[in-house]
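Peer 1: What follows is each chain in one-letter form.
Protein chains: 2
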Amino acid sequence: MTFSRPAEDEVDRLVAAWKQERPDLDVAPLEVLSRVSRLSRHLERERRAAFASHDIESWEFDVLTALRRSGEPYELSPGALLRATLVTSGTMTNRIDRLAAAGLVTRRPDPEDRRGVLVRLTRAGMDRVDAAFADLLRRERELLAGLDQHEQQALARLLRTLLVPFDAPSDALDNGLR
Amino acid sequence: MTFSRPAEDEVDRLVAAWKQERPDLDVAPLEVLSRVSRLSRHLERERRAAFASHDIESWEFDVLTALRRSGEPYELSPGALLRATLVTSGTMTNRIDRLAAAGLVTRRPDPEDRRGVLVRLTRAGMDRVDAAFADLLRRERELLAGLDQHEQQALARLLRTLLVPFDAPSDALDNGLR
DNA sequence: TCCCAATATCTTGATGTCAAGATAACTCGA
DNA sequence: TCGAGTTATCTTGACATCAAGATATTGGGA
Numbered sequence: 002m003t004f005s006r007p008a009e010d011e012v013d014r015l016v017a018a019w020k021q022e023r024p025d026l027d028v029a030p031l032e033v034l035s036r037v038s039r040l041s042r043h044l045e046r047e048r049r050a051a052f053a054s055h056d057i058e059s060w061e062f063d064v065l066t067a068l069r070r071s072g073e074p075y076e077l078s079p080g081a082l083l084r085a086t087l088v089t090s091g092t093m094t095n096r097i098d099r100l101a102a103a104g105l106v107t108r109r110p111d112p113e114d115r116r117g118v119l120v121r122l123t124r125a126g127m128d129r130v131d132a133a134f135a136d137l138l139r140r141e142r143e144l145l146a147g148l149d150q151h152e153q154q155a156l157a158r159l160l161r162t163l164l165v166p167f168d169a170p171s172d173a174l175d176n177g178l179r
Numbered sequence: 002m003t004f005s006r007p008a009e010d011e012v013d014r015l016v017a018a019w020k021q022e023r024p025d026l027d028v029a030p031l032e033v034l035s036r037v038s039r040l041s042r043h044l045e046r047e048r049r050a051a052f053a054s055h056d057i058e059s060w061e062f063d064v065l066t067a068l069r070r071s072g073e074p075y076e077l078s079p080g081a082l083l084r085a086t087l088v089t090s091g092t093m094t095n096r097i098d099r100l101a102a103a104g105l106v107t108r109r110p111d112p113e114d115r116r117g118v119l120v121r122l123t124r125a126g127m128d129r130v131d132a133a134f135a136d137l138l139r140r141e142r143e144l145l146a147g148l149d150q151h152e153q154q155a156l157a158r159l160l161r162t163l164l165v166p167f168d169a170p171s172d173a174l175d176n177g178l179r
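These protein sequence lines map, in sequence, to chains A and B. Mapping the first sequence onto our numbering, position 22 (from 1) lands on 23, and the numbers just tick up by one. Mapping the second sequence onto our numbering, position 25 (from 1) lands on 26, and the numbers just tick up by one.
Hints listed in this document are in silico derivations from the structure and should not be mistaken for laboratory results. Treat each hint with caution, since some may be false.
Short derived list, chain A residues pointing at chain B, Cβ under 7 Å [claimed, not checked]:
hint, residue
1, ARG36
2, VAL37
3, HIS43
4, PHE52
5, ASN95
6, GLU141
7, LEU156
8, LEU164
Just the calculated beta-carbon pair ranges, DEER-fashion [to be verified]:
hint, chain 1, residue 1, chain 2, residue 2, range
9, B, GLU9, A, ALA102, 29 to 39 Å
10, B, ARG121, A, ARG14, 35 to 45 Å
11, A, ARG49, B, ARG158, 42 to 52 Å
12, B, ARG46, A, ALA102, 43 to 53 Å
13, B, GLU73, A, SER78, 50 to 60 Å
14, B, GLY147, A, ASP149, 23 to 33 Å
15, A, GLN154, B, GLU73, 26 to 36 Å
16, A, LEU26, B, GLU152, 19 to 29 Å
17, B, ARG46, A, PRO24, 26 to 36 Å
18, B, ARG121, A, ARG42, 24 to 34 Å
19, A, GLU9, B, SER90, 40 to 50 Å
20, B, SER78, A, PRO24, 36 to 46 Å
A short list of chain B residues far from chain A (calculated; beta carbon distances all over 10 Å) [to be verified]:
hint, residue
21, SER41
22, PRO74
23, GLU76
24, ALA85
25, ARG99
26, ARG115
27, GLY117
28, VAL118
29, GLY147
30, PRO166
Note that CB positions come from ideal geometry on N, CA and C, so glycine has one too.
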């Protein structure tokens, strides 16, 4: 009986297939980046499942948590929200419309800048997001159970290195969102 | 003059904010999983940019590469394609329709199974995808330039561990795609 | 003070995706 | 041989997202 050799994932199979078909190409980048993409898709499914029981959608959660973690008075501009969630301005307008209609946020003109708007978490919004967040953390912890604490930290560090160039606070780099 | 302390990314700021607002929660899972999600979004933008110059869309690329790397005769069923690309069957039907209309694939009934269909890459589809793939690999290599080869392998290994439970070949686990 | 580029948000139209369910064909055990 | 359950694909309708551009406001330099 043979068991538990180093387990393969779909990316191992995908890379092996490329080596067969295009031995001239170095597909090493896929070992990392294909895994990031695929894992992200799987995660998104998990999130949806976790949220279903809390009557909240994934896109709602993203906006509400950004407000929640900003602290008192739980209020941010649409611009700050779209930078936090990596969506376009049109998408954010639409999201805020629907969250406001659901009573989870309110919208008011920014007294300091007449172009601006401030979006504020309501009590209902806070309750909703707190419950969902606790549950999400529980499930995410399970997904990470295959790695010990040290490995998780190593993974976080490596990912951070890749992320820094994108997140550099308003350096010369523009990530193209507006 | 102070410079180049261990650089922060957006997730560091996000985690710090949570620790302030909800010191009762252990948000460690976000260190890994938030980074995976955010990196994936950034990657998707990069892909779009890389593909724009090859007149190909990201979703087209995903389908065409699956066919390309499957080798002669570059032919797969829609079912195999949706498993490779992690989309639903409705999405795949739609994608194949449009790829066929663009002359990048053909569709024919499966002679072995009258429920089935076989999707085949055309010469035009192959040329398109090969050019785009070479370019994508070039750009992905740049994104990974911040990590040396050893670190990239470590990262790939850690990600694989997280992915295996999702990709386990048709074990008891069902990932919910159909 | 005036003007213009930059900023903040919203609007519009096209498009891709998903969930749910319909249809048809296959498989295997009784 | 029959039928129930499974499998493969497609259809439908709702909906979220994006890109591009419109509108209003601000701020800094001439």
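Peer 1: For each hint, tell me whether it holds in the structure or not.
Peer 2: Tested hints:
1. ARG36: Holds, about 4 Å.
2. VAL37: Since chain B brings a Cβ to about 5 Å from A/VAL37, closer than 7 Å, the hint holds.
3. HIS43: 5 Å, holds
4. PHE52: 14 Å, violated
5. ASN95: 18 Å, violated
6. GLU141: This interface hint holds because 4 Å falls under the 7 Å limit.
7. LEU156: 4 Å, holds
8. LEU164: Because about 4 Å separates A/LEU164 from the closest Cβ in chain B, which is inside the 7 Å limit, the hint holds.
9. B/GLU9 <-> A/ALA102: 29 to 39 Å: About 36 Å separates the Cβ atoms of B/GLU9 and A/ALA102, which means 29 to 39 Å holds.
10. B/ARG121 <-> A/ARG14: 35 to 45 Å: Given about 21 Å between the Cβ atoms, the range is violated.
11. A/ARG49 <-> B/ARG158: 42 to 52 Å: 28 Å, violated
12. B/ARG46 <-> A/ALA102: 43 to 53 Å: Because 30 Å falls outside the window, the suggested range is violated.
13. B/GLU73 <-> A/SER78: 50 to 60 Å: 55 Å, holds
14. B/GLY147 <-> A/ASP149: 23 to 33 Å: About 25 Å separates the Cβ atoms of B/GLY147 and A/ASP149, which means 23 to 33 Å holds.
15. A/GLN154 <-> B/GLU73: 26 to 36 Å: 45 Å, violated
16. A/LEU26 <-> B/GLU152: 19 to 29 Å: 22 Å, holds
17. B/ARG46 <-> A/PRO24: 26 to 36 Å: 30 Å, holds
18. B/ARG121 <-> A/ARG42: 24 to 34 Å: About 26 Å separates the Cβ atoms of B/ARG121 and A/ARG42, which means 24 to 34 Å holds.
19. A/GLU9 <-> B/SER90: 40 to 50 Å: 25 Å, violated
20. B/SER78 <-> A/PRO24: 36 to 46 Å: The hinted range 36 to 46 Å is violated for B/SER78 and A/PRO24, with Cβ atoms some 26 Å apart.
21. SER41: 3 Å, violated
22. PRO74: Given a closest Cβ separation of 12 Å, the condition holds.
23. GLU76: 14 Å, holds
24. ALA85: 8 Å, violated
25. ARG99: Given that every Cβ of chain A is farther than 10 Å from that of B/ARG99, nearest at about 21 Å, it holds.
26. ARG115: 28 Å, holds
27. GLY117: 21 Å, holds
28. VAL118: 21 Å, holds
29. GLY147: 5 Å, violated
30. PRO166: With a cut-off of 10 Å, B/PRO166 comes too close to chain A, as the shortest Cβ separation is near 7 Å.
Going down the numbered hints, you'll see the structure goes against 4, 5, 10, 11, 12, 15, 19, 20, 21, 24, 29, 30, while the others check out.
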